[in-house]
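Build out the structure end to end from the sequences listed, making use of the hints.
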Amino acid sequence: MSTTSTKDHAELAGQFNADEKRVDWHDETLWWIRQKRDKAVNQLPEWELLRETASKIKEHGLSNLSNYLEEFEANAQANGITVHWAADAKEHNEIVHGIIKKHGVNRMVKSKSMLTEECHLNEYLTENGIEVVDSDLGERIVQLAKEPPSHIVLPCIHKKKEEIGDLFHEHLGTPAGVSDPQVLTETARQHLREVFLTRKIALTGVNFAVAETGEFVVCTNEGNADMGAHLSEVHIASMGIEKIIPKREHLGVFLRLLTRSATGQPITTYSSHYKKPRPGQEMHIVIVDNGRSVQLGRKDFRNSLKCIRCGACMNTCPVYRRSGGHSYHNAVSGPIGSILAPNLDMEKYADLPFASTLCGSCSNVCPVKIDIHDQLYKWRQVIVKAGYTTKAKTAGMKMMQWTLSSPGIYHAAGKAGRMVMKYAPFAVNNALNPWYKQRDMPKPPVESFDDWYKKNRGNK
Amino acid sequence: MTVGLFIPCYIDQFYPGTAIATLQLLEKLGVTVVYPPKQTCCGQPMANSGYEHLTTGCNELFIDNFSDFDYIVSPSGSCILHIKDHLHSEGRENEAVQIRHKVYELTEFLTDILKVEQLDAAFPHKVGLHQSCHGQRGLKLSQMTELVAAPFSKPLQLLNMVKGLELIPLSRQDECCGFGGTFCVAEEAVSVKMGVDRVADHLEHGAEFITGADMSCLMHMEGILKRQGSRVKVLHIAEILNSSAQ
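Here the protein sequences line up with chains A and B, keeping their order.
With the first sequence counted from 1, adding 5 to any position gets you my numbering.
With the second sequence counted from 1, adding 506 to any position gets you my numbering.
In silico lysine-lysine, BS3-like type, Cα no more than 25 angstroms apart, as pairs:
| # | chain 1 | residue 1 | chain 2 | residue 2 |
| --- | --- | --- | --- | --- |
| 1 | A | Lys442 | A | Lys427 |
| 2 | B | Lys732 | A | Lys420 |
| 3 | B | Lys544 | A | Lys459 |
| 4 | A | Lys459 | B | Lys534 |
| 5 | A | Lys383 | B | Lys590 |
| 6 | A | Lys460 | B | Lys544 |
| 7 | B | Lys739 | A | Lys427 |
| 8 | A | Lys374 | B | Lys646 |
Covered by chain A, according to a simulated footprint, are these stretches of chain B (three or more residues, beta-carbon under 8 angstroms):
| # | stretch |
| --- | --- |
| 9 | 539-551 |
| 10 | 635-646 |
| 11 | 721-728 |
Quick list of simulated restraints, FRET-style, between CB atoms:
| # | chain 1 | residue 1 | chain 2 | residue 2 | range |
| --- | --- | --- | --- | --- | --- |
| 12 | B | Glu710 | A | Ser411 | 41 to 47 angstroms |
| 13 | B | Lys669 | A | Tyr428 | 38 to 44 angstroms |
| 14 | A | Glu57 | B | Ser677 | 28 to 34 angstroms |
| 15 | A | Lys166 | B | Glu566 | 55 to 61 angstroms |
For the record, the hints were derived by calculation from the structure and aren't laboratory data.
Ideal Cβ placement from N, Cα and C applies to all residues, glycine included.
As C-alpha cells, then:
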C-alpha cells in the first residue's frame, strides 16, 4: 500500500492461499475453536451481561488510568516489588537487560507475553548476548522455527504436527518422523524442565494488574509461568499500562470471560496471583506505555485498549482463518491487531484496516465489546487522509465520486459499461481484472432498471 | 403511505430484475411507490475504501431525492446500513438525520412496518439463505450466532410464507461470503476463497438457489458458481417473495 512497506496483507495472504488444502485445514481448526467458544458461552445465560460489565469496568479503568496506575505502583512497592516505568519498547528492553546484567547471568526463561513480542525483546536480548527460552509450548515451537507467533493465544496454530515433529527432531533429538503429540509434548516437558531448573531469571507477562492490592495475575494453561517464576531468583513481569483493573473482585468477571472466549474452557488451568516476592527473591514489574497513551488520546480508537488478548476475534474472523496470522506482519495479528498496529506505525500498517470485509463478527465475540469493525472503518478514513494510500486508488475514487455525484454522467457511464461488457467483453474479462481471475462477471442486462422504469412507468 | 424506492447503482445496472421485483412486491402489498429518477449510489464504495470525505455529492443527491418520503426502501441491507450510519450534510443535517431514521431494507420494511403475515407467493425449490453481514449484524435483520440471545430472522420469517419453498440448512449459518466491496479485488485471493467456501456449504446441502437480502454478496457468489460451471443460481429474496403462486 505505502511505498516503503515491503509486503502487504493482500500479497502475503495470496501466498498463504497458494496451498488451498492448508487454508482449509487452518480455517477448520480455528472454526472448531470458535464452535467450542460458542458452546461454552451458551452455557452462561448471563454471558451478554458479563461482556457489558467487563466493558464498563475497562471503560472506567481507562478513564482513570493514571490514578489506578499510581495506586497499583504504591501497593506493589509496599508489597516489596520493584516497579519500573518504560515509555517505549526500547526502554522496556533496556530495563529488562539491566536487571539481567545486574545479576551477572546470560540466560533467562520467559513465559508468554505478547508485550515482549511487540517490543521484540528476544531479538534485543539475543543481540546483547542473552539467551532466552520461551516456555509456552507453542511459543517454544515458533522460537525453534525462528518465526514470530501467528496467533496471540495459539502461537503455532499455523504448524502441523508433522512440521513440529521435524523441528523437534532437529533441535530436541526426537527420532525422525515422530509426530505423535504425546511424544512431542513429553519431549518438550523434559527439555523445559531442565530450563526451569537452571534459569535464575524468569520473565512473565501480566493478564491483570489489580490496583487496590498491587498484585498481578498471570493466566496459562501449561503452568509454565509458575514453573519459571517459582524456581527463579528474579521474577520480572512486563505489562502494558492497560492491564490495570481497579479491584480484585473484578477478576470474577474477567477470568470467566477470558478463556471461554479464547478456547471454550471455563477458566485457564492456572490463574496465578503474584503479590510479593518470596523471601530471598526479587520481583520486578515493568509498566510499558509504547504508544498506548497516544491510542488513549484517540477518541475513536481508545477502547481498543480494553483488549484482554483472548484471540476470539481471530478465531471468528473469516479473513484471518484464510490468510494466516503472519499475513498481518505484526506481533498482534487478526482484527484486533489491525486496529492496534496503525497506532504504532500508520505507514507500515496502512494495509491492515483494509484486510477485512467489515462483517462485524469480531465485535460480536469480543468479551469486552470493542467495536472492532467500526474502528477498522475509521482507521481507513484516517489512513487515507494521512496520505498512506496509492495515487492510483485515490484517482479511481475521485473518478467514482465524479460519476456518482451526477445522475446524467452515471447513467451514461452505466450504459457505456454495459455496452462494453456486451460487445467488448475482453475489456473486462481479462487477467488485469482481479474480479475475473477466479469469478465470472455478471451478465449485462439489455437495459438498466432506470431504462425499464422509464419505458414501463414513464407516463405515471 | 408513499415509499421512495432506492435502487443501488449495481442493482440498477446489473440486476434490474431485483429492482422490478421489489417495486412489484411493494405495489402488490398496497404501497404507493415512487422511484426518483435522479438517484445514483449511496456512496459506500468510496466510504468503505477510506474516502468517506468524497461522498458529499452522493449524500446531497440522496437527500435531494429522498427527503420528502414517508419511508425509503431498498433491496440492499448493505447500502441501507451505509445511509443509516453515514449520511450527513453540512447544510441539511436535520434532513439527513430524518432520512437515517426512515430508511429500511426491504425485508425489515415488510416485517416491521407493513407487518406482512402472508404472501401469495410460491417457489417450489430448495433454497439456501445467505445472511449478508451488513444486513444481519448491522441492521439486525436476524440473530447472530456469536451472541447468547433468542433467535429470530426477518428474511426467514418471509421465506416461510412462500409455498413450496424448502429451506436447506447450512453448516455455518452466518459466515461472510468475502465480497466486502473493494475487498473483493484488493484482497482477491482471500475474497475468492471465502466465496468458494460459502458456496460449497450451500452446494453440499443441496441448494438449487442461493438467496439473500443483498445482491452484492449474491453477485460475488454467482461469479464463483458460474466459473465452476454450476447450475445453481442466485436470486434476490425480492424475486422469490414476488414469485406468483401457480
